[in-house]
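Assemble the whole structure, with the sequences as input and the hints as a guide.
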Amino acid sequence: MSPKPNKTYWYLCIAAAVFLTIITFTPLVIPAGVYEPMLFGIPYTFWASFLIMLLFVLVTYIGTRVHPGRNEEE
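Okay, so the sequence shown: first residue is 37 according to the working numbering, each after it adds one.
Please note: incorrect hints may appear among the correct ones.
Now the in silico label distances, taken between C-beta atoms and shown as ranges [said to hold, decoys possible]: (1) Ala68 / Met89: 17 to 23 Å; (2) Leu64 / Ile98: 36 to 42 Å; (3) Leu87 / Tyr47: 21 to 27 Å; (4) Val93 / Thr62: 18 to 24 Å; (5) Thr81 / Asn107: 29 to 35 Å; (6) Asn107 / Pro79: 21 to 27 Å.
Don't read these hints as lab results, they were simulated from the structure. Each residue gets a CB set at the ideal place from its N, CA and C atoms; glycine is no exception.
In structure tokens form, the structure reads like this:
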């Protein structure tokens with residue numbers, strides 16, 4: 037039997053997902069009329085969005101490991 041998951045980590049995952057969702061639609065990621073700086077020829081908005089997507093994948097993975105109902109039988 038695995039140890040009982042800590043709900044604090046689950047709530048941190050929720051907070052991280054909400055935070056990432058909020059900053060996705062702010063001028064931090066989608067500035068008006070700005071496409072520089074470029075990284076390997078890719079505009080700022082694209083690589084910033086790609087980084088946020090990778091963070092979402094990481095938060096989702098961690099969330100599946102720490103979910104409070106993970107070990108319950110159906």
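Hints, verified against the model:
no.: 1; hint: Ala68 / Met89: 17 to 23 Å; verdict: holds, 21 Å
no.: 2; hint: Leu64 / Ile98: 36 to 42 Å; verdict: violated, 23 Å
no.: 3; hint: Leu87 / Tyr47: 21 to 27 Å; verdict: holds, 23 Å
no.: 4; hint: Val93 / Thr62: 18 to 24 Å; verdict: holds, 20 Å
no.: 5; hint: Thr81 / Asn107: 29 to 35 Å; verdict: violated, 41 Å
no.: 6; hint: Asn107 / Pro79: 21 to 27 Å; verdict: violated, 44 Å
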